[in-house]
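Which chain is which? The protein sequence lines are A and B, in order.
Using our numbering, the letters of the first sequence correspond one by one to residues 1 to 424.
Using our numbering, the letters of the second sequence correspond one by one to residues 1 to 424.
A hint or two may mislead.
Unchecked claim - If you only want the chain B side, here are some residues facing chain A, beta carbon under 7 Å, derived:
#1 Ser15
#2 Leu51
#3 Ala84
#4 Gly143
#5 Ile288
Unchecked claim - Pair ranges (Cβ atoms, derived):
#6 Ala107(A) x Gly33(B): 55 to 61 Å
#7 Arg120(A) x Gly235(B): 30 to 36 Å
#8 Asn287(A) x Pro236(B): 48 to 54 Å
#9 His310(A) x Glu59(B): 34 to 40 Å
#10 Asp24(A) x Asn287(B): 30 to 36 Å
#11 Asn109(A) x Ala107(B): 33 to 39 Å
#12 Asp24(A) x Pro270(B): 54 to 60 Å
#13 Ala2(B) x His310(A): 48 to 54 Å
To be clear, the hints were calculated from the coordinates, so they are not data collected in a lab.
Glycine residues also receive a C-beta, built at the ideal position from the N, C-alpha and C atoms.
2 protein chains.
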Amino acid sequence: MALIVQKYGGTSVGSIERIEHVADKVAATRRQGHQVVVVVSAMSGETDRLLGLARAITERPDPRELDVLLATGEQVTIALLAIALAKRGCPARSYTGAQVHILTDSAHNKARIRDIDAARVRRDLAEGRVVVVAGFQGVDEHGNITTLGRGGSDTTAVALAAALGADECQIFTDVDGVYTTDPRVAPEARRLDRITFEEMLEMASLGSKVLQIRAVEFAGKYNVPLRVLSTFEEGPGTLITYEEPEMEQPLISGVAFNRDEAKLTVVGVPDQPGVAWRILGPIAEANIEVDMIVQNVGEDGTTDFTFTVHRNDYPKALEILKATAAELGAREVTGDDRIVKISLVGVGMRSHAGIASRMFEALAKEGINIRMISTSEIKISVVVDEKYLELGVRALHEAFELDRGPVPAAEGAAPAAGEAPSGS
Amino acid sequence: MALIVQKYGGTSVGSIERIEHVADKVAATRRQGHQVVVVVSAMSGETDRLLGLARAITERPDPRELDVLLATGEQVTIALLAIALAKRGCPARSYTGAQVHILTDSAHNKARIRDIDAARVRRDLAEGRVVVVAGFQGVDEHGNITTLGRGGSDTTAVALAAALGADECQIFTDVDGVYTTDPRVAPEARRLDRITFEEMLEMASLGSKVLQIRAVEFAGKYNVPLRVLSTFEEGPGTLITYEEPEMEQPLISGVAFNRDEAKLTVVGVPDQPGVAWRILGPIAEANIEVDMIVQNVGEDGTTDFTFTVHRNDYPKALEILKATAAELGAREVTGDDRIVKISLVGVGMRSHAGIASRMFEALAKEGINIRMISTSEIKISVVVDEKYLELGVRALHEAFELDRGPVPAAEGAAPAAGEAPSGS
Numbered sequence: 001m002a003l004i005v006q007k008y009g010g011t012s013v014g015s016i017e018r019i020e021h022v023a024d025k026v027a028a029t030r031r032q033g034h035q036v037v038v039v040v041s042a043m044s045g046e047t048d049r050l051l052g053l054a055r056a057i058t059e060r061p062d063p064r065e066l067d068v069l070l071a072t073g074e075q076v077t078i079a080l081l082a083i084a085l086a087k088r089g090c091p092a093r094s095y096t097g098a099q100v101h102i103l104t105d106s107a108h109n110k111a112r113i114r115d116i117d118a119a120r121v122r123r124d125l126a127e128g129r130v131v132v133v134a135g136f137q138g139v140d141e142h143g144n145i146t147t148l149g150r151g152g153s154d155t156t157a158v159a160l161a162a163a164l165g166a167d168e169c170q171i172f173t174d175v176d177g178v179y180t181t182d183p184r185v186a187p188e189a190r191r192l193d194r195i196t197f198e199e200m201l202e203m204a205s206l207g208s209k210v211l212q213i214r215a216v217e218f219a220g221k222y223n224v225p226l227r228v229l230s231t232f233e234e235g236p237g238t239l240i241t242y243e244e245p246e247m248e249q250p251l252i253s254g255v256a257f258n259r260d261e262a263k264l265t266v267v268g269v270p271d272q273p274g275v276a277w278r279i280l281g282p283i284a285e286a287n288i289e290v291d292m293i294v295q296n297v298g299e300d301g302t303t304d305f306t307f308t309v310h311r312n313d314y315p316k317a318l319e320i321l322k323a324t325a326a327e328l329g330a331r332e333v334t335g336d337d338r339i340v341k342i343s344l345v346g347v348g349m350r351s352h353a354g355i356a357s358r359m360f361e362a363l364a365k366e367g368i369n370i371r372m373i374s375t376s377e378i379k380i381s382v383v384v385d386e387k388y389l390e391l392g393v394r395a396l397h398e399a400f401e402l403d404r405g406p407v408p409a410a411e412g413a414a415p416a417a418g419e420a421p422s423g424s
Numbered sequence: 001m002a003l004i005v006q007k008y009g010g011t012s013v014g015s016i017e018r019i020e021h022v023a024d025k026v027a028a029t030r031r032q033g034h035q036v037v038v039v040v041s042a043m044s045g046e047t048d049r050l051l052g053l054a055r056a057i058t059e060r061p062d063p064r065e066l067d068v069l070l071a072t073g074e075q076v077t078i079a080l081l082a083i084a085l086a087k088r089g090c091p092a093r094s095y096t097g098a099q100v101h102i103l104t105d106s107a108h109n110k111a112r113i114r115d116i117d118a119a120r121v122r123r124d125l126a127e128g129r130v131v132v133v134a135g136f137q138g139v140d141e142h143g144n145i146t147t148l149g150r151g152g153s154d155t156t157a158v159a160l161a162a163a164l165g166a167d168e169c170q171i172f173t174d175v176d177g178v179y180t181t182d183p184r185v186a187p188e189a190r191r192l193d194r195i196t197f198e199e200m201l202e203m204a205s206l207g208s209k210v211l212q213i214r215a216v217e218f219a220g221k222y223n224v225p226l227r228v229l230s231t232f233e234e235g236p237g238t239l240i241t242y243e244e245p246e247m248e249q250p251l252i253s254g255v256a257f258n259r260d261e262a263k264l265t266v267v268g269v270p271d272q273p274g275v276a277w278r279i280l281g282p283i284a285e286a287n288i289e290v291d292m293i294v295q296n297v298g299e300d301g302t303t304d305f306t307f308t309v310h311r312n313d314y315p316k317a318l319e320i321l322k323a324t325a326a327e328l329g330a331r332e333v334t335g336d337d338r339i340v341k342i343s344l345v346g347v348g349m350r351s352h353a354g355i356a357s358r359m360f361e362a363l364a365k366e367g368i369n370i371r372m373i374s375t376s377e378i379k380i381s382v383v384v385d386e387k388y389l390e391l392g393v394r395a396l397h398e399a400f401e402l403d404r405g406p407v408p409a410a411e412g413a414a415p416a417a418g419e420a421p422s423g424s
């Protein structure tokens, strides 16, 4: 008997028929002898409907009250799922975030979970009940309703799994696992049986829509085994766990990419301490998130400073940067919002030389010019012109033979890797 | 500066435009220097929509989970109203029933309020905020969400007013007060400025739809001044208070009636102790509510036992009664589901003889045959054939001169009286 936390997203509970289907799946898991905690999102479309009501009053609804409003979305789903489970003779009890004391900070609309009191859930499980919990929501220390921000239901599930010491946290979505890259871009993309937390994090931050990055971080921190699988098809999905020594070691897990990037460069900045801070400070104050940052060694006492932002933020970032550049006495500001980022991800990279050169070779063979390079422990990212996205992804997928199944690293061949249906 | 609890029902908050209108009214009350607590229902149609979702799964949804579901209706309204108030620069904070600790018993779908912890509300009021509370819902001692049953928002408002020691509890509806009778039946019906709790109770139980009977009982018990007034028109409405000695004493407040009655008679029951119980026990067990009960003294060791029920319950009650009658050895069972009840209501009746005879005279003049009579301290009810409803109501309204304003009882004339838009 295992303790399993299952999470079903908005599409999975998008209609009464789908809620009944989820109830079938949950009841089946319980019949297999497992204890089950279910976390659900609002029915698809419901959060937008509620937002629409608030925005019909004002474009800037009070954040506290917006949370009170949005939290009803998941509350409807937990009740309906519990009703559907009871109908199947499966004893169930639903709880809002406040009822199971999902304690968060008071940052309305984007609260972070601080603590969960799992005692109530444990009691119900011990009494043979399925526990249905509203995702996405919590309560602050003053008793105010909070929400975790869009997609926060994944985080709720992982946090509950951690608090309960669950054997597995299963995230049910409309895809059947994590892929070596987006099958829409590279049809030969392959579902991975396993991937590490770190790889998944790099995937997620690069645009994968399978899992919320916060949820993966949380799962990694508390070592909660995460499984991504499909609500609508049977299958083992993809298991996300810590790297295990005995695990066959693929060099590269996948090719991730992000379409919506733009880059900005301050050319000829005086090469002095504090420059990076003076450039990025005003950007951060404007709530613009910065992705890659690259700075080269200068020659004549000046340097070039480049960073990327989401394409939507480009005009605003450019305006801010021009003002900063004038203050700093920089030569000029250049930018380009027709670029994309392509990344190779894999824990195998750590111990293996030659990956980067093989990557650059594959791109060069296709005549793709690299505009920026940035690397981390388990990732190499390049920025290229937008038009090369599909060509670049396919070239890398092929060069690292990601369409093949895992091959022991000892055999020296380029083994399998992994990516998620990644994001436009 | 007064502390005022205002309650707005589903029709009053039935759209974004109407919620904005309510926000205007609330903000205006606050600008007059009053402290305001607002209780709201779900937007009209919302409770039915939610019920529809549950019933699409099963005809008998789990009661606990149904409450979790239905409670979202008011939660949406409180958030939207608080957002609309904030937009007007009127500081406001919304609370669910659980958040302000509206403690109820655990009778899901029809819970009763046990206690309210008003400390949180008081704190907000002291800090200058309008407090917006979800009607209709509470929380039991185990933290489960409960609902008070349909129309329970009135009860929430009165309970909050009692807990806070409010100066007045204002119930905003789509009518502008309590009338001497239904203006659709008697166009000369007049809005009453005041009415006593007891009279209002008799009105409500007779079919008035202005106020929940539970709310009036609650208000009477805790002596909370209640005012019924219109959301859509300006006006003083009707104040419901305790009878005050110095108050001008109208004999009769109004003429109430109930269209949906049916009567059943067991003829020739042995006149023994326990007979009433043996007849009504099976009726109560079938959850059929009994209204009037009349038993005449018997002559030949048997008696006739008559009671009225809601017309919808007539076929079932008749079937049960036939079985009971056979067991008791009664002669026969008769019934009629084409009858109505007309009642004169007024505290003045207590101290005044001759009201009954004047009532019967007025009906006799119109050739209306009285089928049953029942009286209480402040009410005389008669059952007549359905076809005489309008004629009877108008005859009594005229006989007691209810179209005239209050006249001191000392002058001897039949002074004004009161009733609510009463109900088919």
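Please write out, lowest number first, the hints stated earlier that are contradicted by the structure. Failing hints, ascending: 1, 2, 5, 6, 7 and 9.
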